[in-house]
Each structure stands twice: as structure tokens, then as C-alpha cells.
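*Asks:* This is what each chain is made of:
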Amino acid sequence: MKLSKLATPNVSHNVILYIEALSVSFDGFKALNNLSLYVNDGELRCLIGANGAGKTTLMDVITGKTQCDMGQVYFGQSVDLLKHDEAAIARLGIGRKFQKPTVFEALSVFENLELSLSTGKGVWFTLMSKLNSEQRDRIDAVLTTIGLKELRNRPAGVLSHGQKQWLEIGMLLVSDPRLMLIDEPVAGMTAQETEKTAELLTSLAGERTVIVVEHDMAFVRSIARTVTVLHQGSVLAEGTMDQVQSNPAVIEVYLGEEA
Amino acid sequence: MSQFSKIWGELRQGGNTITLFVIILFFSTLLASLSNMFLPETSVLHVSTYTITLLGKYLCYAMLALAVDVIWGYCGILSLGHGAFFALGGYAMGMYLMRQIGDRGVYGNSDLPDFMVFLNWDTLPWYWYGMDQFWFAMLMVALVPGLLALVFGWLAFRSRVTGVYLSIITQALTYALMLAFFRNEMGFGGNNGLTDFKEIAGFDLSADNTRVSLFVITAIVLAVVFVSSQLIMRSRLGRVLVSIRDSEARARFLGYRTDHFKVWLFVYSAVIAALAGALYVPQVGIINPGEFSPVNSIEIVVWVAVGGRGTLYGAVVGAILVSYAKTRFTSLVPESWIFMLGALFVFVTIFLPKGLAGLLKKRRQRDNADSGGGGIAGLGVSGEAKS
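Keeping their order, the protein sequence lines are chains A and B. Heads up: the first sequence begins at 1 in this note's numbering, then just goes up one per residue. Heads up: the second sequence begins at 1001 in this note's numbering, then just goes up one per residue.
Only chain B is shown next, with the shape it has when bound in the complex (with noise of 0.2 Å):
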């Protein structure tokens, strides 16, 4: 009980960004899924089934880019290979879904897959065990992202393994992994990957009613992640998160095991990615290898520079942001995209070092000088004349 009250109380105490951030959530969410089944089509306000599932895709990116920002943003971790979790708990989905198709696949054999009968494979692979029972795959979508992350964390952060080297080799982890999923005796589709979903627990995909629900569970977890991810950073572990950041050596002769922490971060952070990639891979219908490709991994980091950094919802609104200019850009000119995508990079660097959520910042802050010095600036007359 008392732990809940803590809580409670942690949750008024910052309310203001998450109170906010959850209520703009809630009901963007409600007035795009009421608007989607009651207003009849022909209705301007009409949002169509395309725009709710292109909605529940970009939420999708939103969760991957909040998971880089707790790692980036609050703990210095600058993974270039987070799309390898995404992509992983997308892929555990996409087995679990593979499996729902049964016997209506095309060569009808309600044992394999379609690809493994292609293959010529007359058994299932031990690995895809147990991927038919929705719990069980629901548990490999956070276990096995989760495990990797754990393993992969612990080698390089208690080698001390630290800035550019590690970004260099969380783009090596998700490169080699694409390189391994390309190949068709991987048993996971190879150059195709997974595709050709029927239905989820039971429930038709291509149905609207099943892709609005799509859309408002992936809200809710947003939701529920951002929560969680804002009240551990306004605990004291979200304060050691940022010393290590700004100077590892001195929290460790604090007394802080830095390398635990980063672990346990970069675990967390990868889960997050993973239950993105799981809600990502039913609103789309496929999972395949080019979802590992570094390039992605990229994109995420400049969705987060974008949006600003250790603000969580900037990155939210970064991902949002970029990726609709995405999906506008590239249907007008496909190619140019990754130039504007690098160019973007660029100039945020150079002009916006704290994305757009440094803008608003700096913003309030000016309004607060300007109303005769509330906070920060009131405090700096003070400090003055101390000193």
C-alpha cells in the first residue's frame, strides 16, 4: 500500500508531462478509433483504416524511439543497432502469427509453414516449439530480445566497453543478425521472412475492428511504457542513470557498479523496442530481414535527435514527426528520402543540438524571464550575488 501511495504521489509531483502527455494520447487515440467506426465514409472527418493502421505504425516507431532515448538520452548509451530488438520481438509475432495461418496456407499443410514446405523441410524446427500458444510467443517477444540485450550488455559494458566502439558494435550485432535471417536455413523465411498473416488470437487481421483495436492496445502501451520509463527517471535511479552519463568514473567511486546499471538499462530498453516490434508486425502483416538493416537503427537515433534528447516525449514526437515526413516523401520522390533523412541529421545537429524539445524549453524559459523571473532565472540573481 505504501508502495503505491509512493507512486501516487511520484506521479502528481512530475504530473505535468505525463498527465499531458497521457491525456494528448488518449484522445487522439479515441477521436481517430470513434471517428474510424461510427462516422460513415463519406464523412470529411472520416479516418479510414489505411490512416488508423499508418497511426498505429507510427506509435510502433514512438516506443523504439522511447527506447533509445532512455539508454541515449538519460544513460549516454548510443546503440546504433536497436532496430536488431525491434526486429526480433517482431519476428517472435510473426511466428506466433505464422503458425495461427494453419492449414490455409497455400500448400495447405497444417504442420509447417508455407516457406518449410517449400523448403522441402518435413519437420518443425525445435525453436519454432510452442510459438502456436499465444502466451508462450507473447514471452519469447520480451525473452528473447531481453536475453540478447542481457548478454550482449553485460560482454560490453563491464569490458567497459564505452562512446563509439559500442555504437560501433550494436551496428555490427544488427547487421550480423540480418545477415543470419537472410539465410533460408535459419527457419525463419529467409529474404521474405514473414508474411501472409490470417488472424490473432482468434480474430480476423484484415477486419477493422481488429485494426482499431491494434491501434488503441499499441496507445496503451505506449502509454503505460512512457509512465514507467518518466517515474524511473524521477526515482534516484534515473538520477545515478544521468551521473553516469555525465562522469562514469566518479559514480563509480561513489560506489555505483555503473557496468550493473547500464545492464539493466540496456535490457529494459530493448524490451521496450521488442513489444514495439511485436505491436508493429500484425498492423503491417510482414516481418522480413530488412527490418535488422543498420540503416534503421539509425533512423531511430535521428527520430530521438529530432525530437530532443532525455525528454522521453520528445523523442515520441520525433518519431511521429520524421516518420510522417517519411511516408509523404517518399511517395512523392522514393529515392531522395535518405538524402533528406541525412541532411536532417545534419541540421538538427548544428542548429538544434536539443531537438525540438530544447526549443520548447528554451522557450518557456524566456517566457518566465520575461514575467519578472519565476524559477530558473530568479535563481541565477541569486546565485550572483552570492558568488
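So that you can see chain A by itself, here it is in the shape it has in the complex (with noise of 0.2 Å):
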């Protein structure tokens, strides 16, 4: 309740998300060095690094779960991130989904949708309050979208992998975040589920800002329009995946691993 106020992001500017600075060491190894990254309103922007590159820490200080020693983030222009905790960072508009889906098991597809919904989510309201019929709708809608629907009433937990994984981006959808942070979506799905992901992805840029970690290049060439690559705590290269695939730095201490 008390965050109604916040809502709302400003975005004149046409930024959604402002990092500056960043950095975070554990036991003084460095996970982000002075990180600095902006990512504009409605874009779909992949991070791509090598493990151990920064891509889940930043996530964790964007979501409030992880302190930062240095550096600033905003969402929009006037909302510091720094000083919220998950619960509030949620509310506002910023949605996660972890790299080993995770869902609520002993709930039922439908239960974990109704959850994730972006209503008051207090001890007291929770006790009390009914769905209508419009988030019954919404709830529909989302199970079609993430080809759930014959599934709704049978407990999570015995979901395949990668329905899992399309239950959590649907506990995102559900909740209408401003700001999405997918961690490895595609992991452990077929390549048919994979194309589909992909479509889902970028249907969503445009009204909401994703930003996807992957490790699947085919996956990222797909969907990216811009690719961010961090490299030892610290953005390396950023630009469409053909700029960043011929930059010789990207090239000698990522792309060139593989290659």
C-alpha cells in the first residue's frame, strides 16, 4: 500500500533502468567492477558472459537481495533500487526468474499464478481477499499464453523441466512487471520449446523491458537486439550481435574460447 506512491517509474528520459558504477566484492573477489549499464524502455537486452562474468550478481543487487559496496541503480529516473528490499522491488514492477526454475511445488499451476498476481500482498489482505473475475480472466489468459491450461489444477511439482520454466515466466507475466529479468530460460528445454520461448520473448519487448542472461548463442541471436557483454565484473562490449561477435576483445576472451 504504502508503495502506490513509487508506482510508477519515470521514464522521460526513455530509460527504465540506470546502473552506474557498480560493485560488489565477496571476501574481496570482485563479482561487478565498477559496472555502469543502461537499458532503454521496452527493449529486449540480452547479458552474455562467460561464468563467474558478474550476470547473476548484478541481477541479485537489481532485485534487492545482494548489497552493493559502490555505485548507484535506478529504476526510471527517481526510484533508487538500493534502498528497497525484494518484497518492495517486486511490487514496483521488477520481476525475476532464477536460473533453476522455481516454482511453488505443492501448489497447483493455478495456485501459483493466483500468487504471483500484482494485488496487495499483505498478511491481512491475503487472508481475506477472493479472486475476481477479472484476474480469473488474467490468470486464463496467461495459462493459454504459457500452454498450461489443461494442466491449471495438477500440482507444480510434477511439471517437466521445461514447463517449469514456462510456469515461472508465467508467475512473471502474470504479476504485469514493468521490468523482467530472465535468468537462462531456455535452459534444459527442447529445441522446439526453445523456439517457442524465443517468440514469447520478443512478443513481450515493447510494452515491457526483458533482460535475458543466456548462454545459448543460437538462442540469444534470436531474440537480441542488443547484447551486453560482461567480462570480470565489468561491461566488455555492447552493440547487436554482429558488432559484438567481431570485437576482437569479446573475440579473444569469450567467443574465442568456444571457437
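No wet-lab data here; the hints were simulated from the structure. We treat Cβ as the ideally placed atom computed from N, Cα and C, and that holds for glycine. Fair warning: there could be bad hints in the mix.
[Unchecked claim] Over the 10 Å line for every Cβ pair with chain A, so calculated as not near, a few chain B residues:
1. Thr1019
2. Phe1134
3. Ala1251
4. Arg1257
5. His1260
6. Asn1368
[To be verified] Partner residues are not named here, just some residues of chain B that face chain A (Cβ under 7 Å, in silico):
7. Ser1206
8. Thr1210
9. Arg1250
10. Arg1252
11. Tyr1256
12. Trp1264
[As the list claims (entries may be wrong)] Pair ranges (Cβ atoms, derived):
13. B:Leu1155 x A:Gly120: 23 to 29 Å
14. B:Trp1154 x A:Gly120: 17 to 23 Å
15. A:Asn153 x B:Lys1362: 18 to 24 Å
Make one complex out of these two single chains by using the hints.
*Replies:* As C-alpha cells, this is what we get:
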């Protein structure tokens, strides 16, 4: 309730996420090192980088899980994300999908989505609230989008790996977030599922801002307009996939290893 | 009015378990009470007052088990110190009963309980003020344990203490309280605790009618607590609690302040435990620091594990069965009970991880499958066809 006054980020400069000079270290190891990154409103951005490049740490800082040592993170012009905790940041409209699909296994697919709706999230509210027809329609729409309509009453624990990935993406969608952070969405998916995911994510961009972390280069190529390469906690290169792939520094430290 | 109809709707919707539970509890209480009051003592069906009190005691344990199931079964908070809240509720009731003795104590002092006279105290400590009023004492029964749970829960859950670490500090909490209550200087009767009660709200505690009434009141409170807990667990709040149990981080990233949910649930659970303690003390006639002993709290967890977590009725059944076994075996071979309790816990953990309730559920599912697949089995087929 208290957060409603912050609910819409000011994007008058067309930038939804400002990350400036961000540093995080764990026991002396610099997971993020003076990292600066700007993401435009409505953009679909891919983050790539080797293991330990700082992708997940960056997501942790944006979503309030990890405290940073230095730097600034702003949601729009005015909302300082470093001042909020995870729950508040989620209510501001920043949704996050984990690397390992994380759904509530004992609850049904429908209930997983019900809990993800962007309604009141307080103790008293959840005790008293009932779904209205508009919310039911919204859940139904998302169930159709993620292809789990038939399985709505099954416990999420019995879903296949790919279906869990989709359910978790659905949980983000149903909350109508402004910014979605998606960590390795196609890990463990079949080629067909991957293709469907690519379609979905591309269709989301525009009305929402989507940041995807992914290792699968073919997948990144299929969805990305702008790619940011992280290396040792800083931005190494940024541009279209072609620009990035032909960047000598990138070839040397990252793509070079694979070739 | 709409609130009321909503609750009524919930009750009907989740009907089966709730109705069945309340009906069974109601009839067994009624039968036991009637056969105690109206059948002659020579009758085979006569239930002795001793048995009535024993049953009342089991129902208090059942309520205590329910309190633990609410937090452990639904929210994954394993408290190994819930005996502390039970004992605090019991002490609040004990203080009231102590004050009702008046000048009928051994020393005939109407201003001070016997043990204070014995310690040569000449004034009543401030925290005993008001405890001679029934309403005030009942308020304290809920308020003191509730506040302790609030402060403890706030500190623990805000600092994100979970899992085994939380279990250890709850155990430490009850142990510390036990040591404190053993001290005479605390003013709660030290080692001996509070006992020799005479009457409650003007009724003679040794009278059969009072005993039956206490038993009936315990059954009613248990039913109310059961129904309200079921309603909570069937609301969206219940689903948030389960989501915290299954993945607290995910719940947080959906915007739930999981620590708030845990603190309030912990307080709710502590108050139930305290009510159980307050009903227990007038029936058994004594409260002493032994009730804080860590072993007691572990025993509650065994009850819940035996009955089956996360069903509420499982906890009630587990508490009654294990307590009955305890009554039986401690009269045969007193020393061996603690070993049997340990063996029971190991057995249940390995062979019955979902307890007796889990066994029941499995059977029901098998029956469904046999009868041509309603419910879960039917869905299973469509699910596989889909993928």
C-alpha cells in the first residue's frame, strides 16, 4: 500500500534502468567491478558472459538480494532501488526468473499464478481476498500463453523441467511487470520449446522491458537486438550481435574460447 | 454479512475434513461426558472421572500439536521450543488458580501464596497483581506468550534465521526459561511450581462436574482452533504460507514480506499453545518448570510427525495416540519410554515420512484409481497425453 506512490517509474528520458559504477565484492573477490549499464524502456536486452562474469550478481543487486559496495541503481529517473528490499522491488514491477526453475511445487499451476498476481501482498489482505473475475481471466490468459491450460489443477511439482520454466515465466507475466529479469530461460528446454520461448520473449518487448541472461548463443542471436557482454564484473562490449561477435576484445576473452 | 457468507461458503467448500473432525470430536466428548455423569459406576460403560481428566489432558496435547503443525507443516518452521508457550500459558492460569486459594493455604495467608510465605516474602511481586481476576489472567494467558513469540519471531525471522538454526534457538529459548523458572527468586514457586489449587471461577476443582466441564471446554476450544486454522490454511494466506515453506526466496521476489507472514503465524501458533497450557493446568492440578524441558518440546514434534504434517487432523490424532501409548507404557516400564519415543521418531521418519495422514491419503488415492480413475489419476493421463 505504502508503495503505491512509487508505483510508476519516471521514464521521461526513455531509460528504465540506470546502473552506474556498481561494485560488489565477496571476500575480496570482485564479482562486479565498476559496472555501468543503461537499459532503455521497452528494450529486449541480452546479457552474456562466461561463468563468474557477474551476470547473476548483477540481477541479485537489481532485485535487492545482494547489497552493493558502491554505485547506483535507479529504476527510471527517480526510484533508487538500493533503498528497497526484495519484496518492495517486486511490488514496484520488477519481476525475476531464477536460473533454476523455482515454482511452488505443492501448489497447483493455477495457485502458483494466483499468488503471483500484482494485488495486495499483506497478511490481512491475503487472508480476506478472493479472486475476482477479471483476475481469473488474467490467469486464464496467461495459462493459454504458457500452454499450461490443461494442467491448471495439477501440482506444479509434477511438471516437466521445461513446463516449470514456462510456469515461472507465466508467474512473472501475470504480475504485469514493467521490467523482467530472466536468468537462462531455455536451459533444459527442447529445441521446440526454445523456439516458443524466443517467440514469447520477443513479443513481450515493447510494452515491457526484458533483460535475458543466456549461454545459448543461437538463442541469443534469435532474440537479441542489443547484447551486452560482461567480463570479470564489468561491461566488455555492447551492440548488436554482429558487432559484438566481431569485437576483438570479445573474441579474445569469450567467444574465442569456444571457437 | 458478506464476510459471514464468505466464511460459510469456505466451510462448506472445504467441508469434508472440517465437518468430520468436528462431528467426531463432538460425539466422543458428549458420549464420554454423559456416561460419566449418568451411568452408575458399576456399569461397564461408565467413564471414570480419572479417564475424563486424562482425555482432557490428551485434548490439550492435541491442541499443542496443532499449534506446531500450523507452523511446521504449513510454513516449514520447525520449533523445538513450543513447550515454552504451553508452559507460559499454564503458568498464567496457575497464578490465577494460586490466588483463588486465598487463606485456605497451609499458612492461611490470604495475601500471599504459600511458597512466598515460606520464602519470607512480605509483599506480592508486581507481576502477580491482577492475577486474582479471571478476565485479567485469561488476557495474560494469551498476551504474555503472544508477546514473547512476537519479539522472538521478529528478531529471528527478520534476521532470516531459518532451518536448523532456528530450531536450535527455539530449543535454547525453552531451556533458558526452564532454568529461570527453577529459581525461587523468580517468584513462580521455583522447583515445585504452582499447585494445591482449590477452585476455578468459584467451582471446586475436585468436583466431578467441574472436571467434566473443563473437558468439554477443552474440546470446544480445540474445535474452534481447528476450524479457524483450517480456514486460514484454505485462504490465499494459507497458500502464501505453503509457498514460503517451498521456496521463500521465490515468494519474496513475488513481493511478499515473508518475515511478516512468519512472525504473525508464529504468534498465532504460540497463542494456541498457550491456550492449551491454560486448559491443561486446572485439569492436571500442577504446573512446574519441568514443562519447559526441551524433551517435552521434542515430544510435540514427534506427535506431529507420527500423525502427519500439514493436515492439522494428523497432528491431533498423532498427539492422542502417542500420549495414550505413553500413559500405557510408562505405567509398565517407566524408564524405557524415552527410548521408545526416539525409536518411534526414527521409524516414522524412515518409513512414514508423511505420517498416518499420508498413509490414509495414499489409500484413498489407490481406491480412486481402482474405481476407474476420478481425481488425480484421471488428470495424470491427460497430463501425459499433453506432454
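*Asks:* If a hint holds in the structure, say so; if it does not, say that too.
*Replies:* Hint by hint, here is what the structure shows:
1. In this structure Thr1019 (chain B) is separated from chain A by more than 10 Å, as the shortest Cβ-Cβ distance comes to about 22 Å.
2. Its beta-carbon lying about 30 Å from the closest one in chain A, Phe1134 (chain B) satisfies the requirement of being farther than 10 Å from that chain.
3. Not every C-beta of chain A lies more than 10 Å from that of Ala1251 (chain B), the closest at about 8 Å, which undercuts listing it as non-interface.
4. Not every C-beta of chain A lies more than 10 Å from that of Arg1257 (chain B), the closest at about 5 Å, which undercuts listing it as non-interface.
5. Its beta-carbon lying about 6 Å from the closest one in chain A, His1260 (chain B) breaks the requirement of being farther than 10 Å from that chain.
6. For Asn1368 (chain B), the requirement that its beta carbon stay farther than 10 Å from each beta carbon of chain A is met, with the minimum near 15 Å.
7. Given the 7 Å rule on beta carbons, the hint for Ser1206 (chain B) is violated: about 43 Å separates it from the nearest Cβ of chain A.
8. The restraint placing Thr1210 (chain B) at the interface with chain A is violated, with a minimum CB-CB distance near 37 Å, outside the 7 Å limit.
9. Proximity of Arg1250 (chain B) to chain A holds as hinted, the smallest CB-CB distance being about 5 Å (cut-off 7 Å).
10. With 7 Å as the threshold, the beta carbon of Arg1252 (chain B) comes within range of chain A, its nearest partner Cβ sitting at about 4 Å, so the hint holds.
11. At about 5 Å, the closest approach between the beta carbon of Tyr1256 (chain B) and any beta carbon in chain A falls short of 7 Å, and the interface hint on this residue holds.
12. Against a cut-off of 7 Å between C-beta atoms, the interface hint on Trp1264 (chain B) holds, since the closest Cβ of chain A lies about 5 Å away.
13. In this structure the hint that Leu1155 (chain B) and Gly120 (chain A) lie 23 to 29 Å apart at CB holds, the actual value being about 26 Å.
14. Range check, Trp1154 (chain B) to Gly120 (chain A): Cβ separation about 21 Å, and the 17 to 23 Å hint holds.
15. Separation of Asn153 (chain A) from Lys1362 (chain B) is about 20 Å and conforms to the stated range, judged on CB atoms against 18 to 24 Å.
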